[in-house]
Amino acid sequence: MAVADYDRSLELEQSGAPARDRLTHIWEGEPGLKGWLSTVDHKEYGKRYIATAFLFLMLGGVEALVMRLQLAGPNKTLLTPEQYDQLFSMHGLTMIFLYAQPVLSGFSVYLFPLLLGARDMAFPRLNAFSYWIYLFSGLFIYAGFVIGYGPNDGWFNYVPYALTRYNPGPNMDFYAIGMILFGVSSTAGAANFVVTFLRARAPGMSINRVPILTWGTVTTSFGILFSVPAVSLAFFLLWTDRQFGTHFFDPSGQGQPLLWQHLFWIFAHPWVYVVVLPAMGIVSDALPIFCRRPLVGYTVVVLATVATMVMGFGVWLHHMFATGIPFLALSFFSAASFVITVPSAVGVFAWIATIWTGRPVLSTAFLFFAGFIVMFTIGGVSGVMTAAAPSDQQLTDTYFVVAHLHYVLIGINVLAVMGGLYVWFPKMTGRLLDERLGRWNFWTVFLGFNIAFLPMHWTGLAGMPRRIYTYPEGLGWTAVNVVTTIGAFILAAGVLLLLVNVLVSRRHGAPAGPNPWGGPTLEWATPSPPPPYNFAVIPAVASRHPLWERDLRESGEHSSIQRGMALDEGKEMLSTSALDAEPELIQKMPEDTLAPLLTALAATALGAAALVHAWIAAAILALLLLAAVLAWLWPRREMGQISERRHA
Amino acid sequence: MPTPASPPMNYLEAFGDKAATISLLTWALLVLSIAVVAIIALLTAAGVVMRRTSLDAQATGREPIARRGGGLSWITVGVALSTLALFGAMAWNAYTMAAINRPPREAALTIEVTGHQWWWQFRYKSDDPSQIFDTANEAHIPTGAPVRLEVHTQDVIHSFWVPALGEKIDLIPNQTNVTWFEAQMAGVYRGQCAEYCGRQHAHMAIVVIAETPDAFAAWRAAQLRAAPKQQGDLAAGEAMFQARCGACHTVRGTLAGGKLGPDLTHVATRSGIASNTLQNTTATLTGWIADPQRIKPGNKMPTLELQASELTAIRRYVESLK
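So the protein sequences, as listed, match chains C and E. Be aware that the first sequence starts at 702, since it is given in my numbering, and climbs by one per residue. Be aware that the second sequence starts at 117, since it is given in my numbering, and climbs by one per residue.
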């Protein structure tokens, strides 16, 4: 970057108001429906991700409640076997794909630029596209469910049951094409996080000064980039097996049913970390705020995060311990699955140390995080039990595993997300969530969850297999199932309380102010909600906790949040170097556009045309897709980088 | 609908050496897990209670932030202890895996297990072809000796699992998995398909009856006999059975030779029907033959629209297959 560019810095206190007006004028989107559809503001998509994921959470929750009624006693006939099979499949894929990862994406999409001191994601239009195609992939799969063709082979969808010979309806095609679309969404989102993390940090925010949440997300994004191709390929091959008689998985023609399991689990085991590491990041960043001190062991926690993701790729076979794999492979993957627990222990002790060496403030958010630590531990130790191959050959495919994975997914993901919502809702809306209702919210969720899922470990140890729509009397399962069903309804009530709190506080909550919790990171330096441009001047960062520097007296470093580059000659953002965040380039940002929405629409319609074998329509839609991408990428003068302008 | 189920499927109790070795490891891990959870929960709760401060402190002072370093020893000590416990568990795990990998003695017999949507076929193998026979859903084994299992599937993936006797093993198309189990005590052991295999996955139970070697030998000899020639009414029932059921079911010694459904040569000696969904009584058998789709929707046995007299004749013939 040329020296002249540094001269564009600005002291906000003196020339604040006109600069802010100019920036608002530059960054503000159009009003009305067109503006709503064409905006590329990351804050808008962050909120949409969270709201959409929350809707899917509630759909998945209703599916769970209906199943729990069916299982509340032996030999119940509320559901037919086919209805039950579709419900557990939809419940699983909804929670894992349409809720757990997107809700974390929502937090990250909203917070990334704010945490990093940037004006938007590196690729705002790609960001919009990821959201739209995520929404459409969910609607696509649910469209199948609504017309009676929901997936019915579980979320992991084993072949050969998923092949046409056993499953002639279009159920699996909805799942296969929907998952390919979803893979496009998560891949695009992941690429955006990686680039934003590496190139859009505020000057001075070297790689060892970024908040843990962004570490969790960027680690996860690498995981997505490496794992999603496996599952997209698997679903594509499944679709060609079903539609064109190929034999990738079909055993009647030398196909390999186990190939599906390998492709699926080499994706889906890392996916477990995809849906928990950013949640752990939320806790690592937000818990210390309420302990009134920085997180203990920042560096080891970051290393543990990265190590978990890397090792997550080496343990997929532990989902297949009962498939008759050779003894040596069994031994290796069993041992590896034990070792992966070590980095998790780092997190647990870092959080406990932060509590013990801090002065925790018992807000609702803190309660969620403290509860999270215990749930995290329960999910972890039951994971160790399933890592032991001989024990797992008893535990696998029983309710013990159902309990384990719910402790992981609800305990780690949902509790962290709910706590995170209490922390950042004021930033997003300008109003605080109600603390009194919050207490009720926390305790009903916490107790309901444990009443539902703690006894489920016992159901599993007592031999109840998963995915059975009914069971006979006299096996000792009935009482536990009744308790679980009651717990599930209490948990659901807790989720509804959060919904009520959100809806009421959005209008009537206490005004939040810029920094209601006294948080240390950059997002708290912006007004609540932040203006469209996030930061009037690009902050320069001198430590890990820019807003706590005055209180952490020994630091002696000074970030600069009031004075910095204004970048107000058009929609501009600063690009910095990957490791040290040295300013390198002024990046021109795209205007609002309908191109991402249209591209996502064309891609989804193409999927629908393929589903019904409308090949001519598919060809036309492929051309439309190409046109939408061309419109998106068409070179425009205003997108020229600053260096080009300088030479002109 | 009561079903044959004693003892229940709780696998923390073991009834064979292999299952005992596994359940000891499972118990040890369970105790370790509960201890870890208790310690962590206690540390968290105690930290919250002892170090807490009022909600107002949030707004007013940022005083407590003063301390910056410190606390790292929590991580060092905590992770060191966790790693130690983990490596102990890993060693035990490796020992257990090696201990159950092969049977300690030569297997007394080999059973070929074939999974079908949604029933089990058991073939008792032998070097002498005249000693081979099929049965379904209910296996008998002698006590005190390892039994070799060769498992495969005719259709989708299933998983053979009798919890009290040992681990589960998947049945994969185009692949034969081999394992073994053993019962020390005579008894009736319930098992079930553990891998989701379609609509009636819930109704694919297994019963293993372990009996003394003498009793087992007697059972085996009885199973090897073909069905007797029937007289009078039963002969009419046999003819009806051959006409209506013989395309799918085998009754050895008769013209019924179908391979799609279970071998019914000695079905009357089995405790359950429909893969142990129902107890084998006159009433349940009548209901099952009359309308199998009501009891197990989606199973491969069609509803034949039998007249009352046909139904009775077939049911009485089936009940004679002892």
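What the hints contain is simulated information worked out from the structure, not anything from laboratory work. If you're wondering where the values come from, they're calculated on a predicted model, not measured in any experiment. Ideal Cβ positions, reconstructed from N, Cα and C, are used throughout, including at glycine. Mixed in with the good hints there might be a few duds.
[Said to hold, decoys possible] Derived DMTMM-like pairs (lysine to aspartate or glutamate); straight-line CA-CA distance at most 25 Å: (1) 1289/C x 783/C; (2) 438/E x 250/E; (3) 777/C x 407/E; (4) 735/C x 1281/C; (5) 375/E x 407/E; (6) 416/E x 783/C.
[Said to hold, decoys possible] Here are the computed distance ranges between Cβ atoms for each label pair: (7) 779/C x 398/E: 25 to 33 Å; (8) 1257/C x 207/E: 48 to 56 Å; (9) 376/E x 960/C: 43 to 51 Å; (10) 143/E x 1180/C: 51 to 59 Å; (11) 1315/C x 243/E: 56 to 64 Å; (12) 1037/C x 248/E: 41 to 49 Å; (13) 776/C x 248/E: 36 to 44 Å; (14) 334/E x 937/C: 53 to 61 Å; (15) 223/E x 926/C: 53 to 61 Å; (16) 290/E x 1000/C: 14 to 22 Å.
Output the numbers, in ascending order, of every earlier hint that fails for this structure. 1, 4, 9, 10, 15 and 16
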